[in-house]
Amino acid sequence: MSKNILKKILNLDLLSVVLATVVLAVALATTAKGFLTTTSTLSILSTGAVYAMVGIAQLLVLAVGQFNLALGAIACCSAMGSMAFMQATGMPMVVTLLVGLLIGTLLGGIQGLLAAKSGINPFVITLAMNSVYYGLATAVFRSSVFNQVPAEFKAISTNNVGGIPVVFFIAVGIAILIWLLLQKTYMGRRLLAAGASLSAAVIAGINTKNQIWVAHTLSGLIAAIAGLLITAKLGAAQLSIGTGWMTMSFATAVLGGTLMSGGKVGVTGTIIGAVLFSMIKSGLTLWGVSFYWTDTFMGLLLIVAFEFDRVRKRRGIKVG
Amino acid sequence: MSDSFRTKIAKSNAISVIMFFILFVIIMGIFRPKFITGENLSVITKIFSITAVVGLSQMVIIGTGGMNLAVGSIGGVSAIIAGKAMVEFGFGTFPTILVGLLVGALCGLINGILINRYGGDGPASFLVTLAMLSVLKGITFGITSGQPIYNLNTSFTAIGVKDILGIPLLAYVAVIIGVLLWLMFKYLGIGRQILAFGSNMVSAKLYGVSGLKTILIAHTISGLLAACAGIMLMARLGSGQTDIGDDWMMFSFAAPILGGTRQAGGRVNVLGALVGALLLGAIQNGLVFLNMDVYWVKLIQGLIILIAATAERVKTMSDRKRGEAV
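Protein sequence lines correspond, in order, to chains A and B.
Numbering follows numbering that gives the first Met the number 0, in which position 62 of the first sequence is assigned residue number 61; successive positions increment by one, without gaps.
Numbering follows numbering that gives the first Met the number 0, in which position 209 of the second sequence is assigned residue number 208; successive positions increment by one, without gaps.
Possibly wrong hints are sitting among the right ones.
What the hints assert, rightly or not - PhoX-like, lysine-lysine: derived pairs with alpha carbons at most 25 Å apart:
1. K212(B) to K116(A)
2. K185(B) to K212(B)
3. K83(B) to K185(B)
4. K208(A) to K153(A)
5. K208(A) to K183(A)
6. K314(B) to K208(A)
Please keep in mind that the hints were generated in silico from the structure rather than gathered at the bench.
Chain A with its partners taken away, still in its complex shape (with noise of 0.2 Å):
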């Protein structure tokens, strides 16, 4: 009997995003002119796809219970770094896609050092970090935007199959593989053991300050990956890249079910509130409120991803 009220209430959970984002999408499609076009059902996935993946990363790292406040940072090298060793070499996209995923991973396998064994405070860390990086960024590029994306590449936001953009596909790829290392390896297991208790996990004999750092480590890998996929939609890497996505990181992770203090993540929940977000976005648009207050509509989703956190522990959920 008590299994069965458990299956309810973790069903209503990811209900509960699910919900959200079919309700508003029927109102979209209903009151907003242009929502139930091929290009803009496009234009949203291919966004939430990027949102997607933003919000793993940052979910990594919000599994063994810190933040990431440099994705966006990393995520810019990681675009203009790639970009524009393909614009001085001329290697064929594959090597550059893997030059940007191994920046990624370095940036954010620095900064997993310095949270992990340097004692700083791991939010002041991550918090330089991101002026940093972006600083490294300004420097080293200065403003340049690099606009020679081969079209093979920019296809992926537009060529779809059955009105879903083929970097969606790779995105939900992306989550599934993250959501396997988690659930079922062990270096997945030990991750979220780390970050739901960590006198626990020292007990238990894992070695916390190798969690944290994999956590940035992977972190940084995927907000490369995010990089990537925003300049094929833009078709360009520039240093605006990253910039905003700090409330959005937080907002589609914690709406999906990644608890705040560690230890249980949503990325199910992730990919749909990604997809919610981007839906906002474009809705905001489509609605012809004004671009200017975006942020405070961000912001007041954050707050009410919280609402769904403090509810969650509340009832003490585990989410898939």
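Chain A is already provided as a structure; the job is to place chain B on it using the hints.
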């Protein structure tokens, strides 16, 4: 640890920062003589004044064991609303300042209520102020549609320019605020409660410290100070710019941490925060003199805070080794 000893350590932090400051000024003066002209020193002092109040605003919250990511946007929205009051509703200089401070206090109050609702601890303060940062920034944009506010009363803008006895009026404001805060933390009950709360929230609550009251008051004060800094900056700029506060986050942490405020909460250093702001102001001004590319500035700012945090950490460790209560 006896009180006088604690004061000595607090002073030693401030002293090392002052030494750095003097060193920096001397070195800069040698390479760029224009740096030490009275005119430029006045500029540095003005930068210091605003950075100091921003730093003090953050310091109060660091003391509670949390952080206020919204200092910049509180400052911005308060300044903008005050500016609107003056230009569109004809408020005089004094009422305008009052309006601005009230807005800031209100924002702080809201922060406090939400933070308390979500647990009152560090992560809660981070998240709530992160959200408020966006909300307030959006409001600033929405109210102004991105347009700066011009035509402020001359009696208001004079505050940003006037000197008393050769020292900018803004500097007096900053120092007076510093003194008031110092008195609060040293002699008022609420000051001790804030520090107790920051030291160890659980035991503070067990001792009867009201979590709600502490967080509310701390954040209201922080909001008030952030608004003050915003108004000061608007007076100095002579117009209500929509980007007031955008670059405050880094400095808001750097100044107190450089000055010895403990990152984890529970201990603040007002004098340190003030001299920290002085050093940061000098560095900010100095970078311009070195014709440093704008591009390097952000990188350097990030490095500064890393160094500040590391230095504070090293100091805490060595204090611990020497057997001092940390």
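Taking the hints in turn, this is what the structure says about them:
1. With a C-alpha separation of about 36 Å, the suggested pair K212(B) and K116(A) falls outside the 25 Å cut-off, and the hint is violated.
2. This hinted pair checks out: K185(B) and K212(B) have alpha carbons roughly 18 Å apart, not beyond 25 Å.
3. Between K83(B) and K185(B), the direct Cα distance comes to roughly 38 Å. Violation of the 25 Å bound is thereby established for this hinted pair.
4. Between K208(A) and K153(A) the alpha-carbon distance is near 39 Å, which puts this suggested pair outside the 25 Å criterion.
5. Pair hint K208(A) plus K183(A) holds up; C-alpha atoms about 21 Å apart against a cutoff of 25 Å.
6. Note on K314(B) and K208(A): the hinted pairing holds, with a Cα-Cα distance of about 22 Å set against a maximum of 25 Å.
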